[in-house]
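J.: Next come the chains, spelled out residue by residue.
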Amino acid sequence: MTPDKSDVLYGTLGLMIIKTLEAMGPLHGYRIARRIEQISGNQLALNQGTLYPALLKLEQAGWISSRWGESETGRRVRIYTLTRTGRRQLEKEEAQWQRAASIVERFFKISDDPS
Amino acid sequence: VKRAQALLKRLWALARVRQMDRDIDDEIASHLAEATDEYMQQGLCPEDARSAALRSFGGVTQTKEVYRQIRSFMWLEDLARDLRHALRMLRRSPGFTTVTVFTLALGIGANTAIFSLVHVLLWRELPVSDPGSLVQFTWQYPGDPPLNLFSTEQYEQFRDRNGVFSDLIGTAPIGLDPAAGGEPLQTEWVTGNYFDALGVRPALGRLLGPVDGAPGAPAVAVVSWTFWKNRFNLDPQILGTRISVGGVSARQAGSVAGVSAQVVGVAPQEFSGLMTGYRPDVWIPAAAHPNARQGGFMLMARLKDDVPIERARAEMRVLDRARIEELARNDPQWLEVTLEVESARSGFSTPLHQQFGRPLLMVMAIVGALLLLTCANIGGMLLARAAARQREMAVRVSLGASRSRVVRQVLAESLLLSVVGSLFGIVGAYLGANALVRIMTSGTRLIGAAPSLEVPIDAAVLLFTAGAAVFAAVLFGLAPAWTGFGSSPAPAMRVTGGTGQLRTRRVFGDGLVVAQVALSLVLLSVAGLYVGHLSGLRNRDLGFDRTSVLLVRLDTSRVPSGRDQLGQIYKELLGRFESIPGVRSATLSGMTPISGAAGSRFVSVEGFEEPPAARRRLMLNDVAPGYFETFGTSLIAGRDFQFADEGRARVAIVNQAMARHYFADRDPRGRQLLLEGDPRPYEVVGVAADAKYADLRSPAPPTVYLNAFQHSRLPSEFALRTSVPPATVVPDVQRIAGDVLNGASMVKVTTLTEQLDASIVPERLIAALSGFFGGVGVLLAAIGLYGLLAYTVARRTNEIGIRIALGATRQAVTRMVLTHALFLVCAGLAIGAMIAMSTRRIAASMLEGVSAEVLFPTVIAAVVTIGIALLAAYIPARRATRVEPLIALRAE
Numbered sequence: 001m002t003p004d005k006s007d008v009l010y011g012t013l014g015l016m017i018i019k020t021l022e023a024m025g026p027l028h029g030y031r032i033a034r035r036i037e038q039i040s041g042n043q044l045a046l047n048q049g050t051l052y053p054a055l056l057k058l059e060q061a062g063w064i065s066s067r068w069g070e071s072e073t074g075r076r077v078r079i080y081t082l083t084r085t086g087r088r089q090l091e092k093e094e095a096q097w098q099r100a101a102s103i104v105e106r107f108f109k110i111s112d113d114p115s
Numbered sequence: 001v002k003r004a005q006a007l008l009k010r011l012w013a014l015a016r017v018r019q020m021d022r023d024i025d026d027e028i029a030s031h032l033a034e035a036t037d038e039y040m041q042q043g044l045c046p047e048d049a050r051s052a053a054l055r056s057f058g059g060v061t062q063t064k065e066v067y068r069q070i071r072s073f074m075w076l077e078d079l080a081r082d083l084r085h086a087l088r089m090l091r092r093s094p095g096f097t098t099v100t101v102f103t104l105a106l107g108i109g110a111n112t113a114i115f116s117l118v119h120v121l122l123w124r125e126l127p128v129s130d131p132g133s134l135v136q137f138t139w140q141y142p143g144d145p146p147l148n149l150f151s152t153e154q155y156e157q158f159r160d161r162n163g164v165f166s167d168l169i170g171t172a173p174i175g176l177d178p179a180a181g182g183e184p185l186q187t188e189w190v191t192g193n194y195f196d197a198l199g200v201r202p203a204l205g206r207l208l209g210p211v212d213g214a215p216g217a218p219a220v221a222v223v224s225w226t227f228w229k230n231r232f233n234l235d236p237q238i239l240g241t242r243i244s245v246g247g248v249s250a251r252q253a254g255s256v257a258g259v260s261a262q263v264v265g266v267a268p269q270e271f272s273g274l275m276t277g278y279r280p281d282v283w284i285p286a287a288a289h290p291n292a293r294q295g296g297f298m299l300m301a302r303l304k305d306d307v308p309i310e311r312a313r314a315e316m317r318v319l320d321r322a323r324i325e326e327l328a329r330n331d332p333q334w335l336e337v338t339l340e341v342e343s344a345r346s347g348f349s350t351p352l353h354q355q356f357g358r359p360l361l362m363v364m365a366i367v368g369a370l371l372l373l374t375c376a377n378i379g380g381m382l383l384a385r386a387a388a389r390q391r392e393m394a395v396r397v398s399l400g401a402s403r404s405r406v407v408r409q410v411l412a413e414s415l416l417l418s419v420v421g422s423l424f425g426i427v428g429a430y431l432g433a434n435a436l437v438r439i440m441t442s443g444t445r446l447i448g449a450a451p452s453l454e455v456p457i458d459a460a461v462l463l464f465t466a467g468a469a470v471f472a473a474v475l476f477g478l479a480p481a482w483t484g485f486g487s488s489p490a491p492a493m494r495v496t497g498g499t500g501q502l503r504t505r506r507v508f509g510d511g512l513v514v515a516q517v518a519l520s521l522v523l524l525s526v527a528g529l530y531v532g533h534l535s536g537l538r539n540r541d542l543g544f545d546r547t548s549v550l551l552v553r554l555d556t557s558r559v560p561s562g563r564d565q566l567g568q569i570y571k572e573l574l575g576r577f578e579s580i581p582g583v584r585s586a587t588l589s590g591m592t593p594i595s596g597a598a599g600s601r602f603v604s605v606e607g608f609e610e611p612p613a614a615r616r617r618l619m620l621n622d623v624a625p626g627y628f629e630t631f632g633t634s635l636i637a638g639r640d641f642q643f644a645d646e647g648r649a650r651v652a653i654v655n656q657a658m659a660r661h662y663f664a665d666r667d668p669r670g671r672q673l674l675l676e677g678d679p680r681p682y683e684v685v686g687v688a689a690d691a692k693y694a695d696l697r698s699p700a701p702p703t704v705y706l707n708a709f710q711h712s713r714l715p716s717e718f719a720l721r722t723s724v725p726p727a728t729v730v731p732d733v734q735r736i737a738g739d740v741l742n743g744a745s746m747v748k749v750t751t752l753t754e755q756l757d758a759s760i761v762p763e764r765l766i767a768a769l770s771g772f773f774g775g776v777g778v779l780l781a782a783i784g785l786y787g788l789l790a791y792t793v794a795r796r797t798n799e800i801g802i803r804i805a806l807g808a809t810r811q812a813v814t815r816m817v818l819t820h821a822l823f824l825v826c827a828g829l830a831i832g833a834m835i836a837m838s839t840r841r842i843a844a845s846m847l848e849g850v851s852a853e854v855l856f857p858t859v860i861a862a863v864v865t866i867g868i869a870l871l872a873a874y875i876p877a878r879r880a881t882r883v884e885p886l887i888a889l890r891a892e
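Going down the list, the protein sequences come from chains A and B.
Be aware that the first sequence starts at 1, since it is given in our numbering, and climbs by one per residue.
Be aware that the second sequence starts at 1, since it is given in our numbering, and climbs by one per residue.
Source of the hints: derived by calculation from the structure; they are not laboratory data.
Where is the CB? At the ideal position from N, CA and C, for every residue including glycine.
Incorrect hints may appear among the rest.
If you want a taste of the chain B side facing chain A, the calculated C-beta under 8 Å gives, among others [claimed, not checked]:
| # | residue |
| --- | --- |
| 1 | T36 |
| 2 | D37 |
| 3 | F57 |
| 4 | G59 |
| 5 | V60 |
| 6 | Y67 |
| 7 | I70 |
| 8 | E326 |
Label pairs and their computed distance ranges (CB to CB) [what the hints assert, rightly or not]:
| # | chain 1 | residue 1 | chain 2 | residue 2 | range |
| --- | --- | --- | --- | --- | --- |
| 9 | A | S65 | B | K229 | 36 to 46 Å |
| 10 | B | V470 | A | N47 | 38 to 48 Å |
| 11 | B | T819 | A | Q98 | 54 to 64 Å |
| 12 | B | G43 | A | Q96 | 36 to 46 Å |
| 13 | A | N47 | B | C45 | 15 to 25 Å |
| 14 | B | G43 | A | G25 | 24 to 34 Å |
| 15 | A | N47 | B | E270 | 27 to 37 Å |
Chain A extracted, bound-state conformation (with noise of 0.2 Å):
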């Protein structure tokens, strides 16, 4: 299977990810769920599972890699790590995204527009 561009490209769990793992680095699963919640102000009803599906299809895409290695507590624990690739590609998203997020925001100013 090739990883459906719009499941990463605009699926948002996936941004969502690499955003943060470039934002906070190397993570392991569960701090990388409780930082999308707290960013997100706890609005986003996420069940964490799903998180890791969409880590795995990161990882086969090569943006993420992944290694064992152990949490603050202890415990032993996969931690992912944004991949050379993965930045890049997270560059390209966010202007995706800007220019995307503009258009639509445009679209909204017309339709307030009273004119």
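Knowing the structure of chain A, use the given hints to seat chain B on it.
T.: Positioned in the frame of chain A, the structure of chain B alone reads:
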């Protein structure tokens, strides 16, 4: 690259599914533990914290399920879908599929067959512990093939005085021994340390130990697993039973009483002795042999740790020196004898290795080139198909299929073709390899049992075939896949008639044809080299006429007559043979040409001196009157032998090579010569033309013929020259032999031509195989060229239509197509000729005596290739001239 990476990762994932299952379990477990901790810090009791963690996680099982799906199964589904699609596409064009599968089956099958032979004969290691440290010993007398037989004294000397081996074992060459009441047994007489040194463990009971090898020890035997299965049905009661084998072949005079040995164990199933092609039934300590000290040993030793083979070789040569110097006192040529110590990783080197090792490697290279050619051929065809399906691809791409999906689908198609081709190829390879083995083992053999080589299609062979199949699929799928990758939807959709051929694709297609022509030229010129060599061996400078000679060997050992009676009987026999209608003359002799056997002695001639080191033995042959006439060797001067010479002064006939050396330009007739160890002189009465003697490959040696009827022992090789096909007189010969010689049996009936052919099996094999594959190669290249031109003409139909409409003549159109063809062929020939020239030395070195002169075979091959190529180009060229401008333009 990224996609390839993802694909690789998934493949990897499939390979270690279990590990990854454990990994995700661990990962989720620690996730839940972390979450529980956090909830507990928030003040929840452990149970509540745990369930809160589970709640926020969602379904654990579901997650694992989704995870697993993403991880590995999706690509399998994709593959299945690709294969289904490929199967549909292939079924839609059965003609193309059949041709391709057949071609591939041939290419991959040929590679598999040759690989399986090379694997069994050269590469497979002995199933013993650390086969890499085993070495074997050979020595070579100048002019003779290498021998690996050593005396018992040598064995003992080497064993006791070397400092480089941890073990030295001796084993007598395997012979068929008549067993008491039953089928003959293949017995290997070995030294007591045989199994210990090899590190072989018993399947049942015990193996031989040093105690059993001591002189006077009770005779014990270890049987092979196959023997245990076939004769005892794996019954453990075999231990303790007695096996009787005759010590010496019954045909040899003075046969001794058999040995009765008690079975003490069974060797493991995978162990079948140390010689490829021979599977001993039973191992018995050589000390138990009735003539224990007379037989020779083949030697195998295990190097001590850290002793390099060079050091072992040097030390053994020093050890053997004293013996060689002793022998050199009588025969200075012994000084040139050197001991060789070589790796025995895959067992004793046998005549099969020596004769067929290098030719088989050459054939391996040939079939490898053929596989490349096959790939280029199929690649070309797929390319044309891909072009025809360009619109289909374009539609798929524009509907949203990713490029890599399209490429992967093209590759799935080639993989499917390749796998189906390989399956047929494996069947063909199995049959082919065994047919080759029958040919290989059909050659001249002077001593010992016939080798029986089993060529299993085992894991190594299957692995090789799978590798070849994937390699081929990628190679021939590459061209269409690559162009598929570059297929951008817009232009492809726009083009209707198909004039817009991608430039890369055209160059690619042309390149594939050039490659095919080049490879076929290389194959043909190599074939020419070997076929030319073979025909030279068979026909040039033989010195005798090989056609229409029947050879019959009689076994007279049970005829009770004395020498004088036998002489009378033989004379009568020859007379009766000559009276058979269709028989021109009959004779008998000690040796017949190219039987492999030879007799030689030092000869001295009065008044001829030479330094001892320059002395060479001369070939001898005891012949009856009529020998020269029967074999078609002309007498240059003097007279033939006569029956009347019997009882008179001894006479000899020499050949020209002998006369040149010993008598220079003077007439040898009337001169005397002496044989080493024989005080009575022979008078030369005639000079015969030079004729090859024991071996077709070496030039006619200096030879002395003696009159068989002047000797106390009469030879019994009869030869008849016939004017009818030799086989037709066999019944008469049989009847007469039975009448005249009561109790004689015909041991061997053959023709001289067959005897010649049996001596040059490697040459025949490599000539036949290279010729066959060369023919296949040129045929494939022709098909490839035809396919490309036919496709080009079809694609350019409207261009040609326009040209004709604008006034181009039909000749001009034909010329256009043929020029294209000729350009491709010449480019291919130029490249092929360069390859042929640069590899000619390697090709020639693979077979003794082949000259590296490839210019002539290459020119012949080039002419053949051009002829066939023009023939292949003719049909599309004609089709081009038939283009009707109106119809062509209407199609636009």
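J.: Classify the hint on B/D37 as holds or violated, based on whether any CB of chain A lies nearer than 8 Å to its CB.
T.: The hint holds - B/D37 has a Cβ within 8 Å of chain A, the shortest such distance being about 6 Å.
J.: Honestly, do A/N47 and B/E270 meet the 27 to 37 Å range at C-beta?
T.: Given about 57 Å between the Cβ atoms, the range is violated.
J.: Take the C-beta atom of B/T819 and the C-beta atom of A/Q98, compute their distance, and say whether it sits inside 54 to 64 Å.
T.: The hint (54 to 64 Å, Cβ to Cβ) holds, given that B/T819 and A/Q98 are roughly 59 Å apart.
J.: Cβ-Cβ distance between A/N47 and B/C45: within 15 to 25 Å?
T.: holds (24 Å)
J.: Within 36 to 46 Å: is that where the Cβ-Cβ distance between A/S65 and B/K229 falls?
T.: violated (55 Å)
J.: Taking the beta carbons of B/V470 and A/N47, is their distance inside 38 to 48 Å?
T.: Once the Cβ atoms are compared, 42 Å apart, the range 38 to 48 Å for A/N47 and B/V470 holds.
J.: Looking only at beta-carbon atoms, does the pair B/G43, A/Q96 fall within the given range of 36 to 46 Å?
T.: holds (44 Å)
J.: Okay, B/G43 versus A/G25 on CB: inside 24 to 34 Å?
T.: holds (30 Å)
J.: B/F57 was flagged as interface toward chain A. Is the shortest Cβ-Cβ separation under 8 Å?
T.: holds (5 Å)
J.: Take the shortest C-beta to C-beta distance between B/V60 and chain A; is it under 8 Å?
T.: holds (7 Å)
J.: Are B/G59 and chain A close enough, Cβ to Cβ, to be under 8 Å, as the hint says?
T.: Since the shortest Cβ distance to chain A is 6 Å, the answer is holds.
J.: Holds or violated: is there a CB of chain A closer than 8 Å to the CB of B/I70?
T.: Because about 5 Å separates B/I70 from the closest Cβ in chain A, which is inside the 8 Å limit, the hint holds.
Of the numbered hints stated above, those contradicted by the structure are hints 1, 8, 9, 15, listed in ascending order.
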